[in-house]
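Trainee: Listed in order, the protein sequences are those of chains A, B, C and D. 27 is the number that the working numbering gives to position 27 of the first sequence; each next residue is one higher, with no gaps. 1383 is the number that the working numbering gives to position 383 of the second sequence; each next residue is one higher, with no gaps. 2051 is the number that the working numbering gives to position 51 of the third sequence; each next residue is one higher, with no gaps. 3109 is the number that the working numbering gives to position 109 of the fourth sequence; each next residue is one higher, with no gaps.
Among the hints, erroneous ones may be present.
As the list claims (entries may be wrong) - Each pair of labels, with its calculated beta carbon distance range: (1) Ser2033(C) x Arg1039(B): 36 to 46 Å; (2) Gly1126(B) x Pro2096(C): 35 to 45 Å; (3) Pro1036(B) x Glu60(A): 25 to 35 Å; (4) Ser28(A) x Pro2096(C): 31 to 41 Å; (5) Arg1073(B) x Asp2086(C): 32 to 42 Å; (6) Ser380(A) x Arg2120(C): 30 to 40 Å; (7) Gly1126(B) x Glu60(A): 49 to 59 Å.
Treat the hints as calculated values from the structure; they're not laboratory data. The C-beta atom is built at its ideal place from N, Cα and C for all residues, glycine as well.
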Amino acid sequence: MDSTPFPETALPMASTYLDHNATTPVRSEVFDAMEPFFRDRFGNASSIHRFGQDARAAVEEARAQVAGLVNARPGEIYFTSGGTESDNLAIKGTACARKADGRHIITTNIEHSAVMNSCAFLEREGFEVTYLLVDENGRIDPGQVEDALTDRTILVSIMHSNNEIGTVQPVGEIGGIVRARGVCFHTDAVQSAGKLAVDVEAMGADLLSLSGHKIYGPKGVGAIYIRKGVEIEPTAHGGHHENDVRSGTENTVGIVGMGMAAELAAEERESEFRHLSEMRDALEARIRVEIEGVRVNGHPQRRLPGTLNVSFPGAEGESLIMSLDLAGIAVSTGSACTSGAIEPSHVLLALGRDPRTALGSVRFSFGRDNTMGDVDYVMSRLPGIVSRLREVSAASAGQVPV
Amino acid sequence: MDSTPFPETALPMASTYLDHNATTPVRSEVFDAMEPFFRDRFGNASSIHRFGQDARAAVEEARAQVAGLVNARPGEIYFTSGGTESDNLAIKGTACARKADGRHIITTNIEHSAVMNSCAFLEREGFEVTYLLVDENGRIDPGQVEDALTDRTILVSIMHSNNEIGTVQPVGEIGGIVRARGVCFHTDAVQSAGKLAVDVEAMGADLLSLSGHKIYGPKGVGAIYIRKGVEIEPTAHGGHHENDVRSGTENTVGIVGMGMAAELAAEERESEFRHLSEMRDALEARIRVEIEGVRVNGHPQRRLPGTLNVSFPGAEGESLIMSLDLAGIAVSTGSACTSGAIEPSHVLLALGRDPRTALGSVRFSFGRDNTMGDVDYVMSRLPGIVSRLREVSAASAGQVPV
Amino acid sequence: MYSSTVMDHFHAPRNVGDLPDADGVGNAGNPISGNTIALHLKIADGTVTDAKFRTFGCAASIAASSMVTEWVIGRTADEAASIENDTIAEALGGLPPTKMHCSAMAADGVRAAIKDYRSRHGTVRKD
Amino acid sequence: MYSSTVMDHFHAPRNVGDLPDADGVGNAGNPISGNTIALHLKIADGTVTDAKFRTFGCAASIAASSMVTEWVIGRTADEAASIENDTIAEALGGLPPTKMHCSAMAADGVRAAIKDYRSRHGTVRKD
Ligand SMILES: Cc1ncc(COP(=O)(O)O)c(C=O)c1O
Ligand SMILES: Cc1ncc(COP(=O)(O)O)c(C=O)c1O
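Start from the sequences, fold in the hints, and give me the full structure.
Mentor: This is the structure we're talking about:
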C-alpha cells in the first residue's frame, strides 16, 4: 500500500463548483482591470511622484466603485485585507474607541467566526457580550435587540445574511432601533454583496463589512464602511494610510480588483438574483422529492438566492463532501473548516438541530457560471451517494449504531 | 487658468525609478506563478474538496519558500496582509499575550511607523515604552539594550535595516542579549530581505516581519516568523486560519507570489547586493563631487546596498522630488508620506539633523532593473535642480529667509 | 489531505454490514455528537473469522473501520485485544493529525468487541 | 495631486529674487522646521509696482509665492493688506487640503510686507 497524497493537486477535467459562499473565481473583467498594476502601474499610492499618483488615482476610483455598491460616500469606505479584518476592525475598533462609554456588546449566535471570535476575545478582555438566539429559521426578531440594549451597550453586530444557511436578517428595523439609542450598529454584509440590495442608509448601518473574494474579486482584500463621524480605533497602526483607519501600503492590485468587482456586482445584482434563485429552487425541489428524510436549513423565503443548506440524517457531512468531490462536485459543510476537526456547525445547532443531524449537512452555493445542467448533474450523483453512506452507517435502516 | 489635475495618470515614456524601498514592481516569474490562482486554481485553502486542497498545497509550498529565505521551519511562518500587519501582530500580539508578565517594551527612535505607532498605541493602553536613541549614523549599541532591560520588559523590537537611511543594526548581538534574559525579540526585516542575509537563528529573533512588495512580490501580503513556542495573541480573530495566529481566508494569489519572490530573493541576494552597491556607491561619489554642501545620511558601511539618503540644505524635499519627477526620476523623502503634510523625518531628526536640513533630504533606492545609465541620467538633472531650488530659496547665497 | 489508501477504503469500504450471529459486538465513538462505529466479529477457536462494520463518520472514520475489519480477520482474540491506536493509521498510509481519533475509534471498536466476546464466553481478563 | 497651474508656477516661478530697495519686506512661515517666504515689495503712490520672493518650501509653497507676486503687482496697499487666505489657492486652481497652509503663508507674507511698508512710512493702522 502506498501513501501517495490523494487527491492529486491537478484538478479533475470536469468540475461542478457549488461552493461560491466559500470563495469565487476572479472574473475576467476584474483580472483585466488588475493586470496593469502588477508591473507597469506598480507605484506606492502614498508616493508623491507620478508612479504614486497614478496608483492613488486608481485606489480612489475603486473607493468610489465600492461606495456605489452600498450607497455610501467614497470617503466612508476603507480598504482592508478581507472580510475577517473588516469584522475585527468594526468590533474591536469600536470596543477600544468607546470602552469609556460602556463595555456591553450585542450580537447573535449565528455570526461568522470573525465576529464571534472577536467578541470572544473582548469577553476575555472584560467586555460583556449578549448572544441573541435565532429562531428555527435563523432569524432574529428586532424586539430581541430592543430588549437586550442597556445603557452600557456600545455596539450591536448582526450579520445581514448568513454564510451557512443564507438567512437574511431584518437589519433595517434593527438598525433603526439601535441607532435611535445612540448605539453603533455593525452588519456583516460579506455574503449579501452582489446578491441582495445592500444600502447603508436603508440598513441604518454605522459599520458594514465587505470582502472581495465573495464577489468575483481577489482574495486578500476587503472593505469596511464607516459612517462619517463614527470613531473607531485602528487595529493596524502605522503610516496613517486609509485616513488613519487602516495602515499598511495600499494593495493597489487587490483594491482595483475589488472596485471593479463591486461595480459589476451592483450592475448585475438583479439578474444574478433571478439566475441563482432559479437554480437553487430547482435543486431544492428535486432533493426534497428524490431523497428521503432530508431537512432544509434556513428561512424558506428570507434567504440568499444561491444558498441551499440540507441535512441528510444518517450520512456524515465530510463523507458526503468527499464523495461528491470524487464525482467532481465541490460543496462544503457550511463554514470552511480550518482545523480539520469535525464539529457540528454552531449555526445549525443554533437552529435547534441535534448534533448528528448538524454533522450530516451540506451547503450548496451557486454562482454566476453555474447552469441548470449543474443541477441535473448533482441529482445524477447525490441520491446514490447519500444512500451509500446511509448504508455504511446503517442509519437508513434505523440501525444507527450507538 | 485651468485646474486640470496634473500630473496626468499616464506615466511618462521614459522613467527612472529609484524608489524601490517604497515598493517594487512584481517580477515576471512571480506574476507567472500567481496567474493560475486567479481563475483556475481559485479554491479556498480551507475547503476540503480538491479546489481547496489544491490551494492548500500551493500555500504550504509558499510557506516553505519563505521559511527558506530566513532559515526558519515552514511551521514558523505565518502569512499576513503585509509588513505593517506583521509589525502590529508582533508587538501588540506579544503585549496582549504577555501583559501579565510585565508591561515594558524597548524599541528605538528610528523604527518604521508600523512599529512606532503600535508602541504609541500600547502606551495609551498603559504600557511603558523605552525608545533607545541611535547615534549620528543611526546605530544602536547592544549595551544600550542591555541597560534598558528590566524585570518587567516583555519585548524588544529593533529593526534590522532602516527604510529611510539604510542603517543596519547589530541584531545578532542584540538578540543574544535579549533572549538570554527570557525576553521576546522582534526585528523588522522588511527592507533587508533579498538584500542582506536574514537568518532567524543568527539574529536570535523570536519574531521577524517581512513584506511581499519590497521583494518584487505583490502588495497586500506579508509574513511573520514566530519561533516555535513563542505565544502571541492574534490581532485578527476568526476562522482559525494560519494555525490560529491570523484568521481570514488565505490570499492564495498573494501568498504564492510572496513565496516565489522569497525564493528568488534568497537565490539572487549576493549578486543583487553587488549590483545595488555598485550603483549606489557611484551615485554617492558623484553627488559628493558635483553638488556642494551635501550630507549623506546613514552609516557609511553598515547600510543597505541600494539605499542613499542625502540632505541638500537650502532645497526642500518635496520640491526636489516634484522637480525630479518632472524629469522622469522617481525618488522619495524617506517614508512615503500619506498625510501630505510636510514634517521633518523622525529618522533624520534622530540622527541629529536640524529640521530644515531634514526637510531637504532625498532617498534614492535602487533596484534590480536599474543600471549605471540611471546614475548618469540622475546626475544630468540633479545638480541643476538643486541649484535652481537653492536659488529660489536663496539659501545658496546664505540668505535663507527667516 | 488523505493518502490513496484512505481514499480507496473510503470509496470502496470492505466488510460493511452486520453479523446477526456475531460472537462479539463493539460500539465506540460519540453517539451524541461525533463519529460512531459498530463492529461485529465472528470468532472461532480464539481466532477472528469474520468482521463487519457500520460507521457514521468522516472519510477517515469509514476508511479506518474498513481497514480494521481487514486487519482483524485471521488474528487471535489476544492479538486483536492488544491492537495499538496507530496500527490502523499506519496501515492506512498515515492520517492527518486531526484525524488520528478516527483510527483510535476503530481500535476502540476492536477492543470493545473482544471484551464483549470474552464476557459472553466467560473469559474476561483483568485489564 | 496639484493643478496644472500649481505645476506651472512651481516649475517656472515668476519674480524670484530680492529687491534691494524694497519699500516693504514680509517674512512668514516657520523658520525652524517648515516653509518660509521672504517677500519684497516696491510701492509707489500706494500701489505695488514690483514684487520678488524667496521661498524655502514644497511645490505648493513655491507656486503660491510666485502666484502672490503676480497677484499683488498693480494692487493698492489697502487691497493687498486685505488679501484673503484662499485667494491664492483659488488663483492656483485649488490646493489639496493639506496644502492650504502654503497659500496662507504667501498671504501672510503680503500682509507682513504691507505692514512693514506702513510702519516705515508712518501709516500704520490699527488692525
Ligand atoms: C459572513 C462572512 N463574514 C466574514 C467572512 C470573512 O471574509 P474573508 O474570507 O474575506 O476573511 C466570510 C467569509 O469567509 C463570511 O462568509
Ligand atoms: C522597515 C519597514 N517596515 C514595515 C513596512 C510596512 O510594510 P507594508 O508596506 O507591507 O505594510 C515597511 C514599508 O512600508 C518598511 O520599510
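Trainee: Okay, Pro1036(B) versus Glu60(A) on CB: inside 25 to 35 Å?
Mentor: 30 Å, holds
Trainee: Could you see if the CB distance from Arg1073(B) to Asp2086(C) stays within 32 to 42 Å?
Mentor: Once the Cβ atoms are compared, 24 Å apart, the range 32 to 42 Å for Asp2086(C) and Arg1073(B) is violated.
Trainee: Would you say the C-beta atoms of Gly1126(B) and Glu60(A) sit inside 49 to 59 Å of each other?
Mentor: 38 Å, violated
Trainee: Does the hinted range 35 to 45 Å hold for Gly1126(B) and Pro2096(C) at CB?
Mentor: 42 Å, holds
Trainee: Starting from the hint 30 to 40 Å, judge whether the C-beta atoms of Ser380(A) and Arg2120(C) obey it.
Mentor: This hint is violated: roughly 46 Å between Cβ atoms.
Trainee: If I claimed the Cβ atoms of Ser28(A) and Pro2096(C) lie 31 to 41 Å apart, would that claim hold in this structure?
Mentor: 36 Å, holds
Trainee: Return holds or violated for the Cβ distance of Ser2033(C) and Arg1039(B) against the range 36 to 46 Å.
Mentor: 39 Å, holds
Consistency note: the structure conflicts with the earlier hints numbered 5, 6, 7.
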